[in-house]
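Enquirer: To convert, count from 1 in the sequence shown and add 245; that's this note's numbering.
Hints are computed from structural coordinates only; laboratory data are not their basis. Warning: the hint list may mix true and false statements.
As the list claims (entries may be wrong) - Below, in silico cross-link-like pairs of lysine to aspartate or glutamate (EDC-like), each with a Cα-Cα straight-line distance of 16 Å or less:
{"hint": "1", "residue 1": "697", "residue 2": "620"}
{"hint": "2", "residue 1": "250", "residue 2": "275"}
{"hint": "3", "residue 1": "697", "residue 2": "625"}
{"hint": "4", "residue 1": "629", "residue 2": "643"}
{"hint": "5", "residue 1": "629", "residue 2": "641"}
{"hint": "6", "residue 1": "493", "residue 2": "526"}
{"hint": "7", "residue 1": "697", "residue 2": "608"}
{"hint": "8", "residue 1": "679", "residue 2": "689"}
{"hint": "9", "residue 1": "453", "residue 2": "526"}
{"hint": "10", "residue 1": "493", "residue 2": "479"}
{"hint": "11", "residue 1": "481", "residue 2": "310"}
{"hint": "12", "residue 1": "679", "residue 2": "645"}
{"hint": "13", "residue 1": "493", "residue 2": "477"}
{"hint": "14", "residue 1": "447", "residue 2": "387"}
{"hint": "15", "residue 1": "263", "residue 2": "253"}
{"hint": "16", "residue 1": "636", "residue 2": "608"}
{"hint": "17", "residue 1": "697", "residue 2": "676"}
{"hint": "18", "residue 1": "493", "residue 2": "506"}
{"hint": "19", "residue 1": "698", "residue 2": "638"}
{"hint": "20", "residue 1": "375", "residue 2": "253"}
{"hint": "21", "residue 1": "497", "residue 2": "526"}
{"hint": "22", "residue 1": "493", "residue 2": "308"}
{"hint": "23", "residue 1": "698", "residue 2": "648"}
{"hint": "24", "residue 1": "710", "residue 2": "684"}
{"hint": "25", "residue 1": "481", "residue 2": "494"}
{"hint": "26", "residue 1": "691", "residue 2": "645"}
{"hint": "27", "residue 1": "691", "residue 2": "625"}
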Amino acid sequence: MAQAKPREGELLCEGDTKVVYNILPHPLSENIFERVRDEVRWQSMSHQGGEVPRLVAVQGQVDEDGSIPIYRHPSDESPPLLPFSPAVLEIKEVVEKQLGHPLNHVLIQFYRHGNDYISEHSDKTLDIAKGSYIANVSLGAERVMVLRTKRQPKNKNYVETESSALAETKRQVQRAPLPHNSLFQMGLQTNMRWLHGIRQDKRLDREKSKDELAYDGGRISLTFRRIGTFLDRENKLIWGQGATAKAKEHAKPVINGQTPEAIDMLRSFGRENQSTEFDWDEHYGAGFDVLHLSTAPRLFLSPDPLVNMRIQLMLAEYGINYARGSMSSYFGKDGESTGNPPIKFVDNDSTKAIVQGEFEIMEYLRRHYGPENKDAQEADRYQKARTLVGKQELLEAELDTWDNYAAEGSDFISGNTMTCADFVLWPILHDAVKTRGQDVFERDGKVFENLKKYYERLQTRDSVKQILITNK
Numbered sequence: 246m247a248q249a250k251p252r253e254g255e256l257l258c259e260g261d262t263k264v265v266y267n268i269l270p271h272p273l274s275e276n277i278f279e280r281v282r283d284e285v286r287w288q289s290m291s292h293q294g295g296e297v298p299r300l301v302a303v304q305g306q307v308d309e310d311g312s313i314p315i316y317r318h319p320s321d322e323s324p325p326l327l328p329f330s331p332a333v334l335e336i337k338e339v340v341e342k343q344l345g346h347p348l349n350h351v352l353i354q355f356y357r358h359g360n361d362y363i364s365e366h367s368d369k370t371l372d373i374a375k376g377s378y379i380a381n382v383s384l385g386a387e388r389v390m391v392l393r394t395k396r397q398p399k400n401k402n403y404v405e406t407e408s409s410a411l412a413e414t415k416r417q418v419q420r421a422p423l424p425h426n427s428l429f430q431m432g433l434q435t436n437m438r439w440l441h442g443i444r445q446d447k448r449l450d451r452e453k454s455k456d457e458l459a460y461d462g463g464r465i466s467l468t469f470r471r472i473g474t475f476l477d478r479e480n481k482l483i484w485g486q487g488a489t490a491k492a493k494e495h496a497k498p499v500i501n502g503q504t505p506e507a508i509d510m511l512r513s514f515g516r517e518n519q520s521t522e523f524d525w526d527e528h529y530g531a532g533f534d535v536l537h538l539s540t541a542p543r544l545f546l547s548p549d550p551l552v553n554m555r556i557q558l559m560l561a562e563y564g565i566n567y568a569r570g571s572m573s574s575y576f577g578k579d580g581e582s583t584g585n586p587p588i589k590f591v592d593n594d595s596t597k598a599i600v601q602g603e604f605e606i607m608e609y610l611r612r613h614y615g616p617e618n619k620d621a622q623e624a625d626r627y628q629k630a631r632t633l634v635g636k637q638e639l640l641e642a643e644l645d646t647w648d649n650y651a652a653e654g655s656d657f658i659s660g661n662t663m664t665c666a667d668f669v670l671w672p673i674l675h676d677a678v679k680t681r682g683q684d685v686f687e688r689d690g691k692v693f694e695n696l697k698k699y700y701e702r703l704q705t706r707d708s709v710k711q712i713l714i715t716n717k
């Protein structure tokens, strides 16, 4: 059966927005949902302490020198930008022909269930190229994009009346169904005057259409943008439309933290979300060099609670406050885990150091925040503790060794201060106690009292109590 040709729906909102049906031609449209689902390196993320109901990925154009487009908006940390994957690149090329301009950035979201939603908002246009379109390709189950006019601005003499309250309830609303293989093409005038979102659908399956139940209710959304702001390979220099330096040769260092510039940028984001006549040049024209808004170092947790505990214990002991993020397993086909991303620590120093991997982070923290000296005994016991990671049977075999270390008269396993050996060993003991109880300190009728006292002593330490409460 021949595939239907692309068909454009009626113009919506400000006349610069429409839905294009059957956007992807044959054979690209064949199995495209499965191709994107299986080839994209999905990650789950948290927002304000809870996991968001979707998997996400960010892809874009990576230039030969490693520079990448940067799209800034008030949200939790985005996944790292990766080069366009093959299927996404093919989709992008089709969308570019429809829009008439190039695209260099895409946010991809995979909703594995039917109750996904996107709160209504306006996209932030600080970094979106002027005169371009925002393009959202829908694959999978059909959902409805709801567009609603923003509230009208109130002057200082405004007094709410019954008629004005009625007018507020009559804000214009338009609905655009987004079936599989459709493109929602939104112009920047609509983005300025209307909010858009996808509401949660709480209907029972028997009340939904065949298209709404397709692909087991799963939906992949690809939001393509033309971005005019860029970062260098190291994410240390910024230039372009939304930066203070408009040309690459004049690129400036990024600014991190709650600086006055960051506060101004957030205020401008807020104005754009509310204003129906947003003056881009007034609020964004001078540019912002802000990249990360948080002043605190950031720790992106791994799905492994023991890995997290080791690093969190070290941070607590060293008195390092941090903002907590989460990037759990990578996901592949059918949302199944394909591996865990390493735990990541982003410092708040002038270089914005990024360190990945638990032992790499431990060494970084020891060098930059810990005691100056690391003696041979500490190094030896740290390495021995590392051999126990993931090997409970080895811990049981070496109870004598660790009990002797704990009997040396010090509070800790290698002297009078808490070291990397403790940060590795204590979480291992704690995990064993949770599994086996106090029996972990016994073998063949012998009780390893020194090691037991060591475990209990550290359990009362403020840093340990802090992470136990945090990870309840």
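Enquirer: Any hints this thing doesn't respect? Which numbers, in order?
Expert: Of the numbered hints, 1, 3, 6, 7, 8, 9, 12, 16, 18, 19, 20, 21, 24, 27 do not hold.
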